[in-house]
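Now for the letters of each chain:
Number of protein chains: 4
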Amino acid sequence: MSCFQVRTDLALEARESIGKAEEELRGISVEEYDKEEIQVHITRVVISSKNGAKAMNKPMGNYITLEAPAMQEADEDYHREISEELARQIKSILPGADEEQSILVVGLGNRDVTADALGPGVVDNLFVTRHIVREYGKAAYSKERMNMVSGIVPGVMAATGMEAAEIVKGVVEQTKPDLILVVDALAARSTKRLNRTIQVTDTGIQPGSGVGNHRNALTRDNLGVPVIAVGVPTVVDAATIVVDAIEKLQKELPEKDRLFGTDSIRTMSELNNMYVTGKNIDEIVKRLSFTISEALNIAFEL
Amino acid sequence: MSCFQVRTDLALEARESIGKAEEELRGISVEEYDKEEIQVHITRVVISSKNGAKAMNKPMGNYITLEAPAMQEADEDYHREISEELARQIKSILPGADEEQSILVVGLGNRDVTADALGPGVVDNLFVTRHIVREYGKAAYSKERMNMVSGIVPGVMAATGMEAAEIVKGVVEQTKPDLILVVDALAARSTKRLNRTIQVTDTGIQPGSGVGNHRNALTRDNLGVPVIAVGVPTVVDAATIVVDAIEKLQKELPEKDRLFGTDSIRTMSELNNMYVTGKNIDEIVKRLSFTISEALNIAFEL
Amino acid sequence: MSCFQVRTDLALEARESIGKAEEELRGISVEEYDKEEIQVHITRVVISSKNGAKAMNKPMGNYITLEAPAMQEADEDYHREISEELARQIKSILPGADEEQSILVVGLGNRDVTADALGPGVVDNLFVTRHIVREYGKAAYSKERMNMVSGIVPGVMAATGMEAAEIVKGVVEQTKPDLILVVDALAARSTKRLNRTIQVTDTGIQPGSGVGNHRNALTRDNLGVPVIAVGVPTVVDAATIVVDAIEKLQKELPEKDRLFGTDSIRTMSELNNMYVTGKNIDEIVKRLSFTISEALNIAFEL
Amino acid sequence: MSCFQVRTDLALEARESIGKAEEELRGISVEEYDKEEIQVHITRVVISSKNGAKAMNKPMGNYITLEAPAMQEADEDYHREISEELARQIKSILPGADEEQSILVVGLGNRDVTADALGPGVVDNLFVTRHIVREYGKAAYSKERMNMVSGIVPGVMAATGMEAAEIVKGVVEQTKPDLILVVDALAARSTKRLNRTIQVTDTGIQPGSGVGNHRNALTRDNLGVPVIAVGVPTVVDAATIVVDAIEKLQKELPEKDRLFGTDSIRTMSELNNMYVTGKNIDEIVKRLSFTISEALNIAFEL
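Those protein sequence lines, which keep their order, are chains A, B, C and D.
Using our numbering, you'd call the opening residue of the first sequence number 1 and step up by one each time.
Using our numbering, you'd call the opening residue of the second sequence number 1 and step up by one each time.
Using our numbering, you'd call the opening residue of the third sequence number 1 and step up by one each time.
Using our numbering, you'd call the opening residue of the fourth sequence number 1 and step up by one each time.
No lab work stands behind these hints, which were simulated from the structure alone.
Incorrect hints may appear among the rest.
Put simply, identical chains are the same to the list, so a pair is met inside one copy or across any two.
Result set (DSBU-like, lysine-lysine): computed pairs, CA atoms no more than 35 angstroms apart in a straight line [stated by the list, open to error]: (1) K251 / K176; (2) K176 / K192; (3) K286 / K192; (4) K138 / K192; (5) K143 / K192; (6) K35 / K286; (7) K192 / K248; (8) K143 / K35; (9) K251 / K192; (10) K50 / K91; (11) K176 / K286; (12) K286 / K138.
Chain A extracted, bound-state conformation (with noise of 0.2 angstroms):
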């Protein structure tokens, strides 16, 4: 047995390594449906105990997950239908969703590394509207209810010396949203997985997701405020790429073949802080930004 963990941010691959049988048992509840005129397949995933956290390595609430390998092309009216979706998988889990709030968008990741620019993106085209709201009242929009929307990029540790999550706990305590929600690129476990598919949790950011060292985790209990994260996987860790075709292979081998344990694998494979990604993943990044933008911009009006 390993006690290597392999690294997936998705509820959905996590799930992958457990039975049905264990699922219900230690409290997971799982539904899955298609969307089929627009070519989505949506999981929800409820984690209802400690003992269905710890097996998934993942904190109680709620996972939804779109599958939709379409999503990576560039069809506009295409991308247009997927944030709609998004926005209604968005405002399900989404406290107070039909009443006016204030809410704070945070673009987690680094603007100067392509695969880790999604939150960065996100926030560039999002509608924010505090500052006019707070100056001019919702007249300004000629509406009778409005969100506040704020939105920050935090930036990297690297290049603020600053964890993420203390920049965002003093623009909390100073500007006081009711709700957080954070944009992260993840990491997969495999590469099919990748810029197809889009999750959504009531849990927050954990220490050590995403692509950098985002540190110190975004979450209710350190925040104070409910956090909903909206996530994209666009990278696979190196080593476990390597862990996993080298698996792989070995289930073809009668077991007394099986000679490389995981541990040894990931030990020779010296693939610390590499990742995996895909070579137009500037496109996809930017187009993803979009389709996440646009469904927040849809959830977020009254």
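Let chain A serve as the given structure and place chains B, C and D on it in line with the hints.
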């Protein structure tokens, strides 16, 4: 008499409308000298009374200006000399310059508007150390004494929905720096000052300064720790250009022919929210960002 | 009489100094109408004689202007309507608009200077097809007829050491497009025209136009194939602002009091290589880049 | 035996699969030495026969490699020393290095993908002189002898619809440089070579090299003038990582247990168009761009 306040962020220019005799009377002391070996003219203005502050329309405190016409050019060795002189001047008004302390550098302005990108550019090139010192200690740098330097680019209100001052205040309360150093692009009154003048002051940044609208003060009063501001004028307010050009022309006429009042000119010129800048502003801001970040790196070394 | 040529890239503004009667006399025909449903005012100027070209200081050819004040705002649906109208206007002077052809889009200007980044921004968002059609055929798009669209951002001379025209000419000779479409930021005479006016012309781009110094013509004469130019004024020459402000003031005085000649104003104003632009120019250029690239994508679809 | 060609752009790595004896036989000469004072290991490989070219899968010519592990770090003085050594090595194979000539620097790669942005970054920092020398003469630099340096970033085919080679060829025919120097991000076979190895060669750039798909050769044959290429490996092909990891593990087993053929591994790994890179690649590429552009500035000075 005009009620129109011509806008300048430079104490040097604010001085120009005040006579020598009046300066003394009002508690404004001025010292000027040349550093010939590096072709820099240095002016140190101290405003030590409220009366002087009112006359100058600037808060009480120290204002140091380095004028270096050659700074616009691409001579790398020269820029290093300027960085060294600037570091010396900064240290001359930096509280606790020789003690270990924690310093937060704030890069005001808009990364996406070339003439307003000085602050973000300086933070991009800054040597940040806080996260390393906190995690590995000073040993990581083989030093016995180290400042802890952090940096933030708060962004502009149109993009974040928040005042820069709200964000900085939150970060200050979370990370408790001993000192803040703010960098910003300034507005000059005259195009001759553009891109060749650096102002250092211990009075922080006041509302309405700079290219963008960075409202709410970044001052010791507001943030609770000393605030040093470093700025370079990169733009002139467009209305000011017109007013000044006309007044310059009128000055050559006999009194009775001076037909236009400042206010009427301004009213007619429809130049609100417009500014004047140079065509090669991209190269200049890029170079100045390096020169200033290098100066900060030198000033913060113990 | 002044020998100073006030600079404008807009035929619309060049017209303003010419009387109605003189227009007819000189072979300048003008047609104007409103598209009320989309709040656009369209002006079509045809210069059909050398005499007219001289009076207008613009080459013979067609000039179409769309004035849409609401274009400065962030209404996405409205921008789509503008894109569609602009596509129609472009097609009205595009040679071979309904035939399959190869089109090279040239994005002039400087990516690093916000007000000059319109051309690069349009090419960034363009739907390029040439490489796909050449490698996989039209089948790749499930279409029977496809234009082959390519795009280039030649950069500015200060960065490349070459004229944009040299680079474009080389690319044209290698890739043999049937048609060139150039996009550039323009200079207006009046700030009221900024960011709300789109000019389309079949006369290409002349030396000295635009924000930067894109010397050497991009014209049919020089490049050997038809050149359509699309531009939006994003700046006003700083000297022009001053000259115009003073002349406007003087106009209200009796003749004898008009004391300043245009040339003397210009000489005194020391504003060479300076320009005036607005504070939110980053958002505006970003939005205009999308609107124009969308118009090109529509116009180039068969 | 495998028909799978493990991909590397480094002659140094291509050599590793060839024995000493075979090298001599095939006309491959190798010289290695250390420059201890700057901690650089230099390898000069000369392929002087077709036979050698085939064995190495690299064209005949000179390949110089500088290995400098410390190059990954942020020591500015050290980088200047590397720039100076690199300049010396470039001059050693630069035709007409001491004569006045016209040099076109080509920055291959994709500005928007961090690991592929080395070429564009170098051109951004290059000292271009061609336009000044042509307009004002060498006097503008107070020099008696000056090279005319120009630079171009052709962009990637997905963005332009054109091969980089088409664009460069067109520019070469228009501007007639005596020499081309191409800069590109390379792919290494091993992660240990990343970001610390610089290769200089007089064989130009071959199809399929680098991160992106820069098809069509940039070679003397194709462009008509000598082509020097300078590159740094910033990525490893993802499939190569997996193949190499498995082969390394298998090597420790008795022959009979070596169960996986290279081709089967590769087939199963589904890693086409994926690459591996490091997490702090943004800082590294930024720094390397400066180091190389500085080396070119030194090498081109007469």
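Hints versus structure:
1. In this homomeric assembly, K251 and K176 never come within 35 angstroms of each other (Cα to Cα): the closest approach is 53 angstroms inside a single copy and 54 angstroms across copies.
2. In this assembly of identical chains, the alpha carbons of K176 and K192 never lie at most 35 angstroms apart, being 40 angstroms within a copy and 40 angstroms across copies at closest.
3. Taking CA atoms no more than 35 angstroms apart as the test, K286 paired with K192 passes in both settings, with 20 angstroms inside one copy and 31 angstroms between copies.
4. Taking the closest pair of Cα atoms, K138 and K192 come within 35 angstroms of each other only across two copies (28 angstroms); inside a single copy the shortest separation is 45 angstroms, beyond that limit.
5. In this assembly of identical chains, the alpha carbons of K143 and K192 lie at most 35 angstroms apart only when taken from different copies (29 angstroms versus 43 angstroms within one copy).
6. Both within a single protomer and between protomers do K35 and K286 lie at most 35 angstroms apart by alpha-carbon distance, with minima of 25 angstroms and 34 angstroms respectively.
7. In this assembly of identical chains, K192 and K248 lie within 35 angstroms of each other by CA distance both inside one copy and across copies; the values are 14 angstroms within and 26 angstroms between.
8. Taking identical chains as interchangeable, the C-alpha atoms of K143 and K35 lie at most 35 angstroms apart whether they share a chain (32 angstroms) or sit on different chains (28 angstroms).
9. In the homo-oligomer, the alpha carbons of K251 and K192 lie at most 35 angstroms apart both inside one protomer (19 angstroms) and across protomers (30 angstroms), since each shortest distance falls under that limit.
10. Taking the closest pair of Cα atoms, K50 and K91 come within 35 angstroms of each other only inside a single copy of the chain (26 angstroms); across copies the shortest separation is 55 angstroms, beyond that limit.
11. Taking identical chains as interchangeable, the C-alpha atoms of K176 and K286 lie at most 35 angstroms apart whether they share a chain (30 angstroms) or sit on different chains (31 angstroms).
12. In this assembly of identical chains, K286 and K138 lie within 35 angstroms of each other by CA distance both inside one copy and across copies; the values are 31 angstroms within and 26 angstroms between.
This entry does not satisfy hints 1, 2, going by the numbered hints stated previously.
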